[in-house]
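K.L.:
Protein chains in written order, with numbering that gives the first Met the number 0: chain D, 0 to 206; chain V, 0 to 76.
Hints are computed from structural coordinates only; laboratory data are not their basis. You can take every hint at face value.
Short derived list, chain V residues pointing at chain D, Cβ under 7 Å:
#1 V6
#2 Y38
#3 Q41
#4 M42
#5 L44
#6 T45
#7 V48
#8 E54
#9 E55
#10 I57
#11 I66
#12 R70
Computed from a predicted model, the values in this text were never measured in an experiment. For glycine and all other residues, C-beta sits at the position ideal for the given N, C-alpha and C.
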Amino acid sequence: MASESEEKLVAALRAGDEEAFAALVDELSPALLRVALMHVPSRAVAEEVVGDTWLGVVRGIDRFEGRSALRTWIFQILLNTARTRGKREKRTLPFASFRRRAEEGRHEPAVDPDRFAGGAWARPPQEWEGAEATLESDETRRVLLDAIRALPPRQRDVIALRDLQGYSADEARNALGLSETNQRVLLHRARSKVRAALEAHMESGNL
Amino acid sequence: MSCKELVELVTDYLEGRLPATVREQLEAHIALCDGCTAYIEQMRLTLSVLGRIPEETIEPAARDELIAAFRELRASA
Chain D
0 MASESEEKLV AALRAGDEEA FAALVDELSP ALLRVALMHV PSRAVAEEVV GDTWLGVVRG
60 IDRFEGRSAL RTWIFQILLN TARTRGKREK RTLPFASFRR RAEEGRHEPA VDPDRFAGGA
120 WARPPQEWEG AEATLESDET RRVLLDAIRA LPPRQRDVIA LRDLQGYSAD EARNALGLSE
180 TNQRVLLHRA RSKVRAALEA HMESGNL
Chain V
0 MSCKELVELV TDYLEGRLPA TVREQLEAHI ALCDGCTAYI EQMRLTLSVL GRIPEETIEP
60 AARDELIAAF RELRASA
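Based on the provided sequences and hints, a complete structural model is requested.
P.N.:
This is the structure in structure tokens:
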């Protein structure tokens, strides 16, 4: 499963190669922070989660067996750390396993069915022409980030890596250990809901 | 292809994952449909705003501490 360059990297980390570790920290920390920020209530806690993740990597690298990709393993440590911290900071939602199944279900429409009449738009989306200033505002960014935080966890992780961090589909699949189809289904659900949240925001007196 | 069906294909379309025949149907639909054209444009704008939210990383001091911890822990390993 592990590529040749990844085996070299793991060997370097095990041998105590500081430069290799620093390069990996610099490469992955922005993405880890993006994902952590979607799981815990503050920037300070998110930074601690990322720090604890790296300590977990340093302590655990000897036990890493290469059954998953190195980056999948690191993101897994991050998500476990964030989940533990998130539980301590605020109550998480019950029925997690039910929610996970619902997340992957195929019956969640991209757009509220009430907006269609017999398959065609009854209430079509409007153009956002001339609304550039609103789109670029801090308020709009806040609305978008809140919409992402409100998503089920796996949708949140996929959209954070794909659309905030700019990961390719393969990079995101690799980080999160998802199948190709699963990645696309989760991304579709996530993007559809975030677009709907932005549309609601743009229509609430901003157009 | 109805509008209601089209919105479910938008991610595959933007990802370049639609089979050619379906992509042609979708493009033929949007050529004639203002609502779906606006929908796809809204999606593109949403992604463009998301993509421009600046990247952040951990504090330099935290980074230095991690590298020091690596040195310490791996040296004693």
